[in-house]
Amino acid sequence: MKHGPIPIAIRKQTVIFLHLLFLCLSFAGITFIIFNPNYGRGLHWLQEEDYADTYSFSRQLEEDVDNVFRYVRYKDLLELEGEVNLDAEMFCVTYNSGNTKIYTLGEAVSYARRLGYYLNDDFEVTGGPDVHEWDSLGPSTPFVEWKTYSPEETYEGPGDGFSSVEELSVQVMNVLGEYYQVRYNYIDKPSNLYFRVSYVDDMGNELLYTNAGHRTNDELRELGRYLYMSGESLFVDNNLRYIPENVISLLSTNNRYGNQDYYILLAVDISFPNPDPYAEAQADYMRFRTEYIGGAIMFLLGAAGLLLTLVRMALLTGHVDGNRARIVRHYYDQLPVECLFVLCMAALWLEHMALDSVIPRVIRLFVSPSYQDYTRKMIRYILIYLILLFTGLSILRNYKSHTLWTGSLICRGLHRILPALAGLPVPLRFTGAFIGYLLTDASLLAGFYFLYIQKESLGIPYLYLIPLVVLAVFQVWIFLLLYRSRVEAQKIAGGILKMSAGDAGYKIDTEGFSEQAEKVSQALNSLSDGLEAALSEQVKSERLKADLITNVSHDIKTPLTSIINYVDLLKRENISDPKIQGYLDVLDQKSQRLKTLTEDLVEASKASSGNIKLEISEINLVELVQQAGGEFEERFAIRHLDMVSTLPDEDILIAADGRRLWRVLENLYNNAFKYAMENSRIYVSVEERDGNAYFTIKNVSASPLNINADELTERFVRGDVARTTEGSGLGLSIAKSLTQLQGGSFEIYIDGDLFKVQVGFPSQKSSTRI
Amino acid sequence: MQTVLVCDDDKQIVEAIDIYLTGEGFQVIKAHDGYEALELLENNQVDLMVVDVMMPGLDGIRTTLKVRETSSIPIIILSAKSEDNDKILGLNIGADDYISKPFNPLELVARVKSHLRRYTQLGNLTTQTAENVYKCGGLQINDDNKEVLVDGELIRLTPIEYNILLLLVKNAGKVFSIDEIYEQIWNEEAIGADNTVAVHIRHIREKIEINPREPRYLKVVWGVGYKIEKQ
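Note that the protein sequences, when read in sequence, are chains A and B. Numbering follows this note's numbering, in which position 573 of the first sequence is assigned residue number 573; successive positions increment by one, without gaps. Numbering follows this note's numbering, in which position 208 of the second sequence is assigned residue number 208; successive positions increment by one, without gaps.
Hints may contain errors.
Claimed, not checked - Listed next, the in silico SDA-like pairs over lysine to any residue satisfying Cα-Cα at most 25 angstroms (straight line):
1. B/Lys30 <-> A/Asp568
2. A/Lys613 <-> B/Val175
3. B/Lys87 <-> A/Val552
4. B/Lys66 <-> B/Gln2
5. A/Lys101 <-> A/Trp146
6. B/Lys219 <-> A/Lys698
7. B/Lys219 <-> A/Ser645
8. A/Lys571 <-> B/Val175
9. A/Lys698 <-> A/Gln758
No wet-lab data here; the hints were simulated from the structure. Please read these numbers as outputs of a predicted model, since none were measured by experiment.
When you get a sec, could you build the whole thing from the sequences and use the hints?
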């Protein structure tokens, strides 16, 4: 778009002017087309057709065929050696008196002329006596014996054969006129039609009627269109589009010999060199053609121009120089859009009224009758178009300035009503909406019924369909609303389920959501954001904690090494003082405990944060428990603990990391070793139940277990009494974390002094021992 | 007299190790970082090196790599890092052993001795291949006179322990489950077998391993069985 120095106002005026110009142009084009005789035949004729192919050409030819055969009929009667024979006998009558008289051509013509008949320029009989002499059928109506010009005429009823001489003379004059007409038009004057009719009798005498002179038949065919037909053939040799229908019968009825030896050749010179009806018709045809093409071009140009200027107008309307975003509305644009519609309807109604009353009278003053109806229609269409254009542009300006909806009465009304409705409780609002829906449906149906009943009196066809269409659109709209709300609910519910299932980062796709659903979804999305951030923060801090513990323990280990080593060195110095030896023992014990503690601390933090690489493989739980038993049996013996194992005969396979699971069992056995009452039994069992493999260890605690089972696996928690003994207090916690990391379950049961731990894993399969 | 180079940035630890090793009759050369250790290695006849990982300057890993360019003496890495990854890294770059801090001084001494024995004495014995002699690293079993030697030292085993060990050494690398071992040694079906085999295995480990909790030869494949590591 060019923002040149031309002001928008001028551009607008130019566009409007051009628009009107194109409107006139296209209507002019339509006028040309509609009043063309070829209107309604489409466009293909422009390309495919010649005048010689038209129906009017063929009608002319048919007329000429009639004329030609008239000539054929009368030539021999009226003509003698190329001249009109006035002595040729025309008819014979017998008067009541009994006298018979034969009238010649000359006598008949002079009789008629005496009565005032004559031939005009077109060889038609005109004039006549002022007063007819039809007194009676008396002496002036003799009996007709014969007519040479109409030999086949017969008389059947009484009175048929009587005719006045005046009448007969006029008939003769008519015949003469027809003869002259053919002779003048086709023979004396050069014509574009050439004919040659030939009848040959059995003796070989030829009767030839022609205006072609010496031209041969082939030469005649060369002239353009021709028709050749002989008595010997059933086919008509021609290059015409339509064959004149009369030629066949006329050719045979005019055959005086009754044989097959005759032919007719008609030819039309399609360069039309001679002025005759063909030449005139051809000229007219060419003119119509030009007009039609011109009209079509005008119409197309006009329509294209209309469209272009319309688009241009739509783009320009409302804008002013300077601020591109500013939209200027005319005073009538500021009316609500409903008022605009009403105004538009009123204008259309006025136009309708004016076209029914005033305008036709004005038209009659200026326009010839045949064009009046068309002019009325034209004016009507132009007026309707202008009214709609005006309305459309006004709506467009409102649309551009975003006041179409906000300025409408419906919107203003809703703004009054909605806040009041929003205060109502949800069930009431929903019920109200549903009742509104029902009422709308009912009123639309009622409107349809009313209009349908009244359709005759309203006069506008199919008006009753409008409420039906509105009803259908309304149902679709309601369906779409419900559908969208259902989809939204589904999506939101799905999002909540996903989030609660652990996909903290899940986001609801709010595309196409309604305002309210989008609000809810966004709230959920920000919740998920927070959750995700919190989770990742937690993971991060767990890892940081594990790293910190690992690093700190590394730093502790170096000095601890020295402590342990030097305590050991001290112990090797043969110190006899039992007090110092006692101190050394404490140092030794505590430094060893510190060592265990640092190692367990690292392991516990790693296990609980999941920061461990597992090597899961298929292992045999029974084998593992046997191996563990072997490791501990003798240690248990130190505290006089008896291990009672209940192991199944078959292997029980589970998926786990063997080394880590050994660590679990080691911690559990160690726990039993440390806290079981001396001289008691420790029960160890492995069993398979409901697709799970369970390892259970039970012992009786040496000191009362005044603690919750859950608390036991909390880090650093031990039974109070146990606090002074060796151990980090992390054993059970590590065991539990490691078990859970490998996908197993870890349960502690406390019943009085009975301490029981059950470790469960899903069993892979069990194979009976061979 | 054999010479051990001890390298750690913590002087007290070096001192303590010095005391233990000197007490066992070794000559000890002390270094406190990697460069010093490399320099001492060049100028002295060193039979074994104990090196710390986390040291300023050249750390233990890079020191080990440097040493391995020219020498094949036993190297024992000593480190506060006790994770599997660290151990695997140390052993992969050419160290012979990995002891994590805080360590048992006696264990350290035992390992030093063991490595030195293998390096100096057994290194030459590889040509002596008699029949019915099975070797696996420093572990050697002579089935003719039923003798078991670890790093050249005679180990006393009970007949059952001996048979179990022989079975595992003969099939070094293969994992035997408790039941398989039981059936091979006792020649009867293992039904309701108790902890016997596991206890025997533990006894063997205590006899042939320096640290039974971190065995070099007789490994426990938890939940599967036992095997002798193929060396």
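Status of each hint after checking the structure:
A C-alpha spacing of about 21 angstroms is found between B/Lys30 and A/Asp568, which places the hinted pair at or below 25 angstroms, so the restraint holds. Among the hinted pairs, A/Lys613 with B/Val175 is consistent with the structure: their alpha-carbon atoms are about 23 angstroms apart, no more than 25 angstroms. Annotation: proposed proximity of B/Lys87 to A/Val552 holds, straight-line Cα distance about 19 angstroms (limit 25 angstroms). Between B/Lys66 and B/Gln2 the alpha-carbon distance is near 22 angstroms, which keeps this suggested pair within the 25 angstroms criterion.
A distance of roughly 11 angstroms separates the Cα atoms of A/Lys101 and A/Trp146; the hinted pair therefore holds under the 25 angstroms criterion. Simply put, B/Lys219 and A/Lys698 have alpha-carbon atoms about 29 angstroms apart, too far for the 25 angstroms limit, and the pair is violated. In summary, the hint linking B/Lys219 to A/Ser645 is supported, as the alpha carbons are separated by about 24 angstroms, within the 25 angstroms threshold. At roughly 42 angstroms between alpha-carbon atoms, A/Lys571 and B/Val175 are farther apart than 25 angstroms, so this suggested pair is violated.
A threshold of 25 angstroms between alpha carbons decides the hint, and for A/Lys698 with A/Gln758 the separation of about 9 angstroms falls inside it, so the pair holds.
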